Amino acid sequence: MVERYTLGRKIFVGANYTALTVLSLLCLVPLIHVLAVSFSSSEAATAGLVKLWPVDFTLSSYEFVLAKPAFLKSIGVTLVRVAIGLTVNMVLTVLVAYPLSKEPGKFPYRTAYVWVFVLTILFSGGLIPQYMIVKYTGIMDSIWALVLPGAVPVFNVVLLLNFFRGLPRELEEAAFIDGAGHWRTLWRIMVPLSLPALATLTLFATVGHWNSWFDGLIFMNSPDHYPLQSYLQTVVINRDLSLVSSADMKSLAEVSDRTAKAAQIFLGALPILLVYPFLQRFFMKGIVLGSVKE
Amino acid sequence: MPRVLRSPYWPLHLMLLPGLILVLIYSYGPMVGIVIAFQKFMPAKGGLFASDWTGLANFRYVLDLPDSIRVLKNTVVIAAFKIIVGFVVPIVVSLLLNEVRKELFKRSVQTLIYLPHFLSWIILGGILIDVLSPSSGIVNQFLGWFGIDSIYFLGDNSWFRPVLVISDVWKEFGFNTIVYLAALTSINPSLYEAAIVDGAGRWKQTLHVTLPGMMPIIVLTMTLAMGNVLNAGFDQVFNLYSPQVYETGDIIDTFVYRIGLVDAQYGVATAVGLFKSVVSLAFISASYYLAYRFANYRIF
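In order, the protein sequences belong to chains P and G. Just add 2 to the spot in the first sequence (first one is 1) and you have my numbering. Just add 9 to the spot in the second sequence (first one is 1) and you have my numbering.
Derived by calculation from the structure, the hints in this document are not laboratory data. Because the structure is a prediction, the values reported are computed rather than measured. Just so you know, even glycine gets a beta-carbon here, dropped at the ideal spot from N, CA and C. There's no promise every hint is true.
[To be verified] Pairwise CB distance ranges, derived in the manner of DEER restraints:
| id | chain 1 | residue 1 | chain 2 | residue 2 | range |
| --- | --- | --- | --- | --- | --- |
| 1 | P | Ala201 | G | Ser195 | 21 to 27 Å |
| 2 | G | Ala209 | P | Ala201 | 37 to 43 Å |
| 3 | P | Ala114 | G | Val288 | 23 to 29 Å |
| 4 | P | Ala114 | G | Val41 | 15 to 21 Å |
| 5 | P | Ile34 | G | Ala66 | 51 to 57 Å |
| 6 | G | Pro52 | P | Phe59 | 49 to 55 Å |
| 7 | G | Thr215 | P | Pro170 | 35 to 41 Å |
| 8 | P | Trp117 | G | Ser195 | 27 to 33 Å |
| 9 | P | Phe59 | G | Ser117 | 25 to 31 Å |
[As the list claims (entries may be wrong)] With a straight-line Cα cutoff of 27 Å, these simulated DSS-like cross-link-like pairs (lysine-lysine) come out:
| id | chain 1 | residue 1 | chain 2 | residue 2 |
| --- | --- | --- | --- | --- |
| 10 | G | Lys115 | G | Lys180 |
| 11 | P | Lys12 | G | Lys213 |
| 12 | P | Lys137 | G | Lys49 |
| 13 | G | Lys180 | P | Lys53 |
| 14 | G | Lys213 | G | Lys111 |
| 15 | P | Lys12 | G | Lys111 |
| 16 | G | Lys115 | G | Lys213 |
| 17 | P | Lys12 | G | Lys115 |
| 18 | G | Lys180 | G | Lys82 |
[Stated by the list, open to error] Stretch by stretch, here's where chain P covers chain G in the computed footprint (C-beta under 8 Å, at least three residues):
| id | region |
| --- | --- |
| 19 | 24 to 32 |
| 20 | 98 to 106 |
| 21 | 113 to 123 |
| 22 | 258 to 270 |
| 23 | 274 to 285 |
Same shape as in the complex, but just chain G (with noise of 0.2 Å):
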């Protein structure tokens, strides 16, 4: 017998083997295409190495873009909000269950509003579109029940990035509670009975008993959020955004989208790509290390 399979570990690299080779294919394979970034890549020409090199051109192009410096900012801007409002919420919710006493209702609420998160942005991109039409939507109905004349969510540059950040809030806030629920269920009853002792009221104990023990959880979930800066959600701004709104909708994810598989600039398309994948991954790793710093996280 040869020695390799003698050795007790080949059963395991067996197991590994598919796997890795997908994996290898599928997530390495395109990051050896990174390469077209500095190419003049022409897919015709057959292969990812046989264009011309042109350094560093794609990259001095995307910076002379007038769009680059505005698809930047959006991004940045649409995640922070949504990072900001989309962390504040689920921990207020938690909060407020956490205050029920029915158990019925507390898993009515539950039920409910964990449902958006399992639908894809294209259902609810269509409902949106369709209760936030300005003509016969829902929404525009209601306002004008008031005296407010019909708003164009989707199609208003000073509309649309709170329409992002409040319908992702929306469709997540319920969802990210159950980290907290399930943070506050471990908590020592006695804390409670012990502040219960030394006078303290619900507020009291909320503040010195409930907060705390979420602490942990709440710093973590807010450092592993950090590695989203760039992630202001591709899937949902592409079914929502149209280019009446590209001032202040358009996102790193949508315009390489455009510039690559529409234009057919696979380099330019690739470099801008590239610089998301770098910036991201130097957030993902410091988010991860003050994780495993402070809240002593590890992924594996």
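So that you can see chain P by itself, here it is in the shape it has in the complex (with noise of 0.2 Å):
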């Protein structure tokens, strides 16, 4: 289309361009500090010399945090979060949203069966309960206590249900026809048919899973069995010294405390940083195929 631009037309689009390139700015500019200093000498961070370029580069906070045990224990517990979490919610969310994809009058207790699921959307017995009841069931201290208490993620049930409706019902009819029953329905034609959708679902599981923290810090009584961003919560928010080894002591008189944060801060952005890009299409289907419906 071509317009014809008018003076006030173009004061407003280049304000336009402007304010958009300042909010883009302020999003990415606290991170790239952020890694600035995890890459300058202490000296320079303590002073207050790094601005959004490293002053005197150097990768000794990388050197110090890698070689931190704890450190790379906790991103093991988090990778291991990571694969059985995500296993158990991708089978679980499958299961259960093609029930209660049915219509009523192909299966009447589907009704009940969703009210039973949803409800827990709407009401929860608070953290005290659920801290109870993780006690009592035997799983506390243990990867098991990361993965069951959110094991049926009820938001993307809702999400993948709406888009299994969504599919033409003459494939599901002639698959029956065929003789198939809701195994073979379910596993031959209706998750070929929502890979977009449960690709979608697969990374909202794996980021859900990679940046909780809360679970592990109460469940977990050991920081050695912390998932990453526990650990990250105890060192970066918290300063908790406990969890600093004399030996550590002893190099963080080398590396300042700031650099060292912001390596350990940068480090656990980093796999959502090299993914994301990639991701940002899925993300977007994935909102839009939750909010559109008939």
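Using the supplied hints, reconstruct the complex from the two chains, each of which is provided in its own coordinate frame.
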């Protein structure tokens, strides 16, 4: 479309581009600053000389952080957590969404089941009862405490069941006529047709598990079992000195607290920063898929 | 074959079974656990029903605590500001993005403003603590160039709430533009053509075509946001606050955490949590009902 720009329009366009550029930079600059600090020498960081580019470039903060057994261990816990948690989440999401996507005429118990699941979005027992149930079921201090309480992501179930309902019903009927049962229909027809939606939900679940920190903090008795974000909570936010070993103390004298923290913040965000550009499209689709319904 | 197995529904029941069991244990179990609110709960006695019942004593105790009113007020004020500011900003930004004709620029902006949504409050909290530091933080250095004295943003009661609201909106505004941008693409282009024929400029087109086109989704997000009036954002507050700012920054969720899991006053903490759950249920139900009535929205 060719438009004739009036003077007012030109001013508006200029201002608009400027405003959006500023907004974008506001989202990026804090990250770049922390990155610059993490690559700077302790003296420069402590003296506040670092802006958006490293001063006295050095990798010593990263050498210090990556040599910390506790840090590496917590990454290991997080990887296990993502692997198990994601598998459990996805299997249960699919298994729950399929029966609930049936018309009440095809599966009369559907509405009752839906309420059982949706009620958990509307009401919760609260922190203390949740904590007690985890304790009573004997999964305290194990990886299952990070997986089982959130095993059925009800929001994702709702997204997927709406997606299932949007698929042409004829396909399902044809499968039944050909003699396929519910299991076969689910795995051979519904799941392959829902791959874009499932990709989106996989991303939601992965980012969710990667970013969770509070459950690790309260359900794990020993810091040894903390996932990465819980560990970062104690060292970057809380400064729990009991987690700093005496050997660390010594090298901390060379690597300033600030640059070490910056390095850990950056490493904690890195996996998300790496996959993010590729995933952006999926996330957009996922949101739209949840909100557009007939 | 038993009658149940001949039912055509049994594969469906079977599929639901594992999820159902886990939800019954880990979501409904805690609902049963609400009985703790009416007990002098001692975990050592074993079980949810082994402790002495105390009726409403825990609730009375909470009402007498001087902190309770403060915590409730902080929660509502912080949540309300987040709801209002967090509601307006994404609409304005999506309207601005809609005026951008250069696709590459538009997509770059989108990529950058969605980013903070995907980072945890641990990461963002760490970043904020660093950049807002009164001694070496870059924000205070910047203010220093203009001769403004160093401000302890996270330790000053007059600054803490604005920091919470601004940083929360900063994290989420970009991501929340997605629904509006999706609504904008579904506006019929012939409406704009008709408006141009009628002599409407860009401003008039925005006012009379774009905004009305976005109205249903605006009404929907506004009503659904109402359900959050007691959600002041635990993850964020917990990672940014300190005893200095309890006066303006302590919220229900952090309060429950401290009296429950730190001080081990389980009964009292459960009572406070129950209050929050009940009030939230009322607000969420009301908001879903309104969304259903006025925007024809159904969650399932």
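For each hint, the structure was consulted:
1. Ala201/P <-> Ser195/G: 21 to 27 Å: holds, 23 Å
2. Ala209/G <-> Ala201/P: 37 to 43 Å: Holds, since alanine 209/G and alanine 201/P (Cβ atoms, about 41 Å apart) stay within the stated range.
3. Ala114/P <-> Val288/G: 23 to 29 Å: Check passed, 27 Å falls within 23 to 29 Å.
4. Ala114/P <-> Val41/G: 15 to 21 Å: Holds, since alanine 114/P and valine 41/G (Cβ atoms, about 19 Å apart) stay within the stated range.
5. Ile34/P <-> Ala66/G: 51 to 57 Å: Check passed, 54 Å falls within 51 to 57 Å.
6. Pro52/G <-> Phe59/P: 49 to 55 Å: Holds, since proline 52/G and phenylalanine 59/P (Cβ atoms, about 53 Å apart) stay within the stated range.
7. Thr215/G <-> Pro170/P: 35 to 41 Å: Given a distance of about 38 Å, which is inside 35 to 41 Å, the answer is holds.
8. Trp117/P <-> Ser195/G: 27 to 33 Å: holds, 31 Å
9. Phe59/P <-> Ser117/G: 25 to 31 Å: holds, 27 Å
10. Lys115/G <-> Lys180/G: Between lysine 115/G and lysine 180/G the Cα gap is close to 19 Å, so the pair holds against 27 Å.
11. Lys12/P <-> Lys213/G: holds, 16 Å
12. Lys137/P <-> Lys49/G: holds, 18 Å
13. Lys180/G <-> Lys53/P: holds, 22 Å
14. Lys213/G <-> Lys111/G: Holds, at about 22 Å.
15. Lys12/P <-> Lys111/G: This hinted pair holds, its Cα atoms lying about 14 Å apart.
16. Lys115/G <-> Lys213/G: Measuring from Cα to Cα gives roughly 23 Å; hence the hint holds.
17. Lys12/P <-> Lys115/G: holds, 18 Å
18. Lys180/G <-> Lys82/G: holds, 24 Å
19. 24 to 32: That given contact holds, which follows from 7 residues of the region 24 to 32 of chain G lying within Cβ reach (below 8 Å) of chain P.
20. 98 to 106: Result for this restraint: holds, n = 3.
21. 113 to 123: That given contact holds, which follows from 8 residues of the region 113 to 123 of chain G lying within Cβ reach (below 8 Å) of chain P.
22. 258 to 270: holds (count 5)
23. 274 to 285: Contact hint for the region 274 to 285 of chain G vs chain P: holds, 6 residues under 8 Å.
Consistency note: the structure conflicts with none of the earlier hints.
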